[in-house]
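Protein chains in written order, with my numbering: chain S, 1 to 338; chain R, 1 to 338; chain A, 1 to 338; chain Y, 1 to 338.
Because the hints were derived from the structure by calculation, they are not lab data.
It cannot be assumed that every hint is accurate.
Said to hold, decoys possible - DSBU-like mimics (lysine-lysine), calculated; alpha carbons at most 35 Å apart, straight line:
(1) A:Lys202 / A:Lys259
(2) S:Lys259 / A:Lys335
(3) Y:Lys259 / R:Lys118
(4) Y:Lys118 / R:Lys259
(5) R:Lys70 / A:Lys67
To be verified - Okay, the calculated bits of chain A under chain S, using three or more residues with CB under 8 Å as the criterion:
(6) 243–252
(7) 270–282
If you're wondering where the values come from, they're calculated on a predicted model, not measured in any experiment.
The beta carbon of each residue, even a glycine, is placed where N, CA and C say it ideally should be.
The primary structure of each chain is shown beneath.
Number of protein chains: 4
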Amino acid sequence: MMVIMQEGATEEQIAHVVARIEEIGAAAHISKGERVTLIGAIGDREELTGLPLEACPGVDRVVAILKPYKLVSREFRPADTVITVRDTKVGGGHFALIAGPCSVETPDQVLTAARAVKAAGGTMLRGGAFKPRTSPYAFQGLGVDGLKMMAAARDETGLPIVTEVMDPRDLDIVAGYADVLQVGARNMQNFLLLAELGKLNKPVLLKRGPSATIEELLMAAEYIVKEGNRDVILCERGIRTFETATRNTLDIAAVPIIKLASHLPILVDPSHATGRLDLVLPLSLSAVAAGADGVIVETHPNPEHALCDGPQSLPTEAFAEYAARVLELVAWTGKTTV
Amino acid sequence: MMVIMQEGATEEQIAHVVARIEEIGAAAHISKGERVTLIGAIGDREELTGLPLEACPGVDRVVAILKPYKLVSREFRPADTVITVRDTKVGGGHFALIAGPCSVETPDQVLTAARAVKAAGGTMLRGGAFKPRTSPYAFQGLGVDGLKMMAAARDETGLPIVTEVMDPRDLDIVAGYADVLQVGARNMQNFLLLAELGKLNKPVLLKRGPSATIEELLMAAEYIVKEGNRDVILCERGIRTFETATRNTLDIAAVPIIKLASHLPILVDPSHATGRLDLVLPLSLSAVAAGADGVIVETHPNPEHALCDGPQSLPTEAFAEYAARVLELVAWTGKTTV
Amino acid sequence: MMVIMQEGATEEQIAHVVARIEEIGAAAHISKGERVTLIGAIGDREELTGLPLEACPGVDRVVAILKPYKLVSREFRPADTVITVRDTKVGGGHFALIAGPCSVETPDQVLTAARAVKAAGGTMLRGGAFKPRTSPYAFQGLGVDGLKMMAAARDETGLPIVTEVMDPRDLDIVAGYADVLQVGARNMQNFLLLAELGKLNKPVLLKRGPSATIEELLMAAEYIVKEGNRDVILCERGIRTFETATRNTLDIAAVPIIKLASHLPILVDPSHATGRLDLVLPLSLSAVAAGADGVIVETHPNPEHALCDGPQSLPTEAFAEYAARVLELVAWTGKTTV
Amino acid sequence: MMVIMQEGATEEQIAHVVARIEEIGAAAHISKGERVTLIGAIGDREELTGLPLEACPGVDRVVAILKPYKLVSREFRPADTVITVRDTKVGGGHFALIAGPCSVETPDQVLTAARAVKAAGGTMLRGGAFKPRTSPYAFQGLGVDGLKMMAAARDETGLPIVTEVMDPRDLDIVAGYADVLQVGARNMQNFLLLAELGKLNKPVLLKRGPSATIEELLMAAEYIVKEGNRDVILCERGIRTFETATRNTLDIAAVPIIKLASHLPILVDPSHATGRLDLVLPLSLSAVAAGADGVIVETHPNPEHALCDGPQSLPTEAFAEYAARVLELVAWTGKTTV
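Go ahead and model the full structure; you've got the sequences and the hints to work with.
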């Protein structure tokens, strides 16, 4: 940690900052420039992070030197994490093609979608049973009945299932059905939920919040891994910006940045990132080319009658053509879905 | 709801949209321009909102005509909501000056802060016992012990207490101590928590999420009010933008916009909005002048040793001077803290 | 144009809006809902755009129905615009690989870069002679001397040259050397410059401003085309968001959106979008996969000694490898650089 | 300047960075932590800024220690700059109330507005003769005829006039009429224009760009002051964010931040910041309370018929009431309009 003093900071103020650093057992190194004095602090990261040095008189800024996450960093574990979900894998050259309806609505709807996903070479089935909705008047999901429909579709197709858990109280029941537990974008900083998921022995799909930085996404993942669960799959799904042509702005650079900074797999969700069906294919291809370890998209047998997010769902009958193009590019990058 | 068809949409596509609208019992009005056809849909708001018309072929955009919230709107209830918290009031000319430490740390710390707040004319005491922290390595709060310290400070000073609840599982215990239950910015769209709070008979302080629009804040409030709890106090605390001089960007326009759109009281939190102590006074004054129904700020007997957010906390010894200036401007606006 | 009246708007207010619309020779259609009245206005687009109906009492919002640009739209000209620059082409299946140093510094530097670009299959040479710099203390470019060095490099390699013009007063001189005139991101809404460029008979490369929407980029292009110059090449180079891991956030969705909305070619500049060398290859591939008509990147014989933007420049010796990978993916998409 | 090396940077890489720093005559101080090495560079600010150390192998980040502006900083000149415009002053306790129409349209319109501004206690008249418009189809201003109408209004009322200059080629003619030359938000980083304005002996009103940081605004002001013109008035007019309830988001915190960082006066433009008439008064009051040195607002005798920005213009007949409330608060803050 580096403390940058204000121009004109007094000797007393400098001595005070040094004392605060030494108080917690860290070492302070003073470096005086012509106009500004710097104080480097070397010691335990967590202790230093907790020290509110900006509150000391004469301090201009405090610059962190070490990254605020550790276990999820590439430095900590140089090799890619490969996560096994039933008989499929994600990360380290294994590409996940995850698709399914936004909301589970009927057994038929889920099965139709699941068969199409399976037939086209998809590797997992997604579907929401507990739905967070911005409006209290919108459809909130089928709950446990939805989970059962997902499980039935898995039984027939063999596809592992990915579904969201929103409430720590539902964790056991959702984990009883799901193969991968999804944390929605709005819950990325629901730290209680993250800590509970860290105690499970089941992969977690953690979506980036719409106003979260990449660093904050990695810190949220750290919450889970710190509790013991190493199987975290990250997902870029768009951030909130001034652009209104899309629901969110897909931050495609997050993919290579996360591959450099972390060993965890990173997926892209082009459906939620943009909210527009006509962008799903080009952005899926763009994600593959950028190095993503998978994509997660919405497909529905009848998007016009979908209870949720119909406008961005691929019609199931068009899924095969979509998947073929995506998988052709996956092969070009040297990755595999096996 | 107004459906704007693409240029070149076919008669068949237009007829299909009309059919979808009529299917749910709403009326459709077609209006053909030289290049573009519009279809107005008149019917039940919730039914129409659930209809994914953007997914229909030939549709360019769907424009909502009615606002997505109802119970919290000024049209629904023209008079300001006034919320009583013990023997103090918020809204409709009653100004709340809420202050206290970010985190509750010791009985002494809370009491010292509470006495200073009371002496300076503050109307409520804030303090965190359950703390959401971006880093898993940061101090997470004292929990129930913290609540007890807050309650003891209330017993002595008479100040009602405001504290955050994060987990639906903690609701009963927190509600057992708190006078106002705070929903933190990260939980603004934790709809499960909102729905539970709606079933209580206790005021809720709902903070705007850093990437939430004003409309989404009002929809989150609607979640609570819809369940029966009308006592919602809104709070602007900064949104996330590209500017890095402050932690967040205080959206001061949210204050008059919310006063126009809703009957609920709206507070401003200048401490969290900016993360900078030197901005707390000017932004508090700016909030008062813009018409806010209160401010909520951090004060700590010893900010340099605070376990949380020290850099932005007013030293308790400076609180009286701060409060005097703020309350002088409150008086100028014609509001009162009684 | 659609006028949405406030709930409770009076008959008089409605009549007044209708009168204002009819005053300019347009037709007004009233549509009364249970709570809200809509007034559709049909007439000349430019006349209607100029009518400040939001200022009329009782008006809630005005919704534009037609797009604010015309000549650059796909509806106006369904086929892709193909722009010829000397013996190379951009758009309609022709991919442009444009590279070169940020700033022109010495004849040797430009020549070395130009030879590497040519050898690796690049199609144009970029280089700045007039540089806009955020700091008044930074290197401002060589001016005309720089243009001459670019021209010499073109003479040897045959690569057409792309360079920025910032000042309408320099237009003639820059146009005397350049094959493509670049409008920098900060000048995207310098409407005087755009109008002057519209009178030339030379292709323009128009970069998106960091806070411009896609719609505003298309309106800026309209300024040029309206004056008679149809040869506009658009360029996505990142928008300003809260994310600090990259200098800007590359809005990759802009590529397919612009392909749908306009017939003009769209390039991507991954160097300026992120400011990070380690992201240039993955984001170039991502641009190609998303459907971009070209990329424009920085390459420098000695990035560490570059006078501008060294950190994001590919070393010239690494350019061949970069280009090979990009061009392999271009071929996969079915595009060609010939 | 502080260079933060990557974890695992080699001795050779460290030596190389040190050599680059020493090459330009600066001093390098190495400080080795357990995991990361820091290299402090002390020397000439401009030389150091120009050194692209991020491009060196093994470098993680470069942190600037000194601020990138100098002449406009509070450290350089501790006392407030007071700018005299004819017989009125701005800065250092002098508050400017500047009002007038967005566009100059007719002699009558300008005169009516000017009389109302004068009568209500306004200190300057604003009005646009050269207008930058996002759409090429919108009204572009009256040019020199507009300037003459402004001058006539000044002759009658004595109010100094503020008007925008967009093109360096128009500088002489606009400066021949105007008392204060305004640089519009879109031109904040038109560095050629800034440099020319720096050579004049006339106050400049510099508006913050919608995607410019506060630091960038101060650097733009530095461009002007560096050329010799010290009379720069800054203006906050909203930044671009995801919130759509207002045209831009007024960054009210910019006011106290600029008062702390710079000696230059800072105004607020609530009309352009929000585009909404109903917010002009509350946001003007909020600006005064935050410490602004003035406000600049739009007033028009007939907003509904305004050729530009009618919806946000105060009707001239309402201006007196508006001004009375604003000036009452100005007096409360201890500032004066004399």
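Verification of the supplied hints:
{"no.": "1", "hint": "A:Lys202 / A:Lys259", "in the structure": "holds (22 Å)"}
{"no.": "2", "hint": "S:Lys259 / A:Lys335", "in the structure": "holds (28 Å)"}
{"no.": "3", "hint": "Y:Lys259 / R:Lys118", "in the structure": "holds (31 Å)"}
{"no.": "4", "hint": "Y:Lys118 / R:Lys259", "in the structure": "holds (31 Å)"}
{"no.": "5", "hint": "R:Lys70 / A:Lys67", "in the structure": "holds (31 Å)"}
{"no.": "6", "hint": "243–252", "in the structure": "holds (count 8)"}
{"no.": "7", "hint": "270–282", "in the structure": "holds (count 5)"}
Checked against the numbered hints above, the structure breaks none of them.
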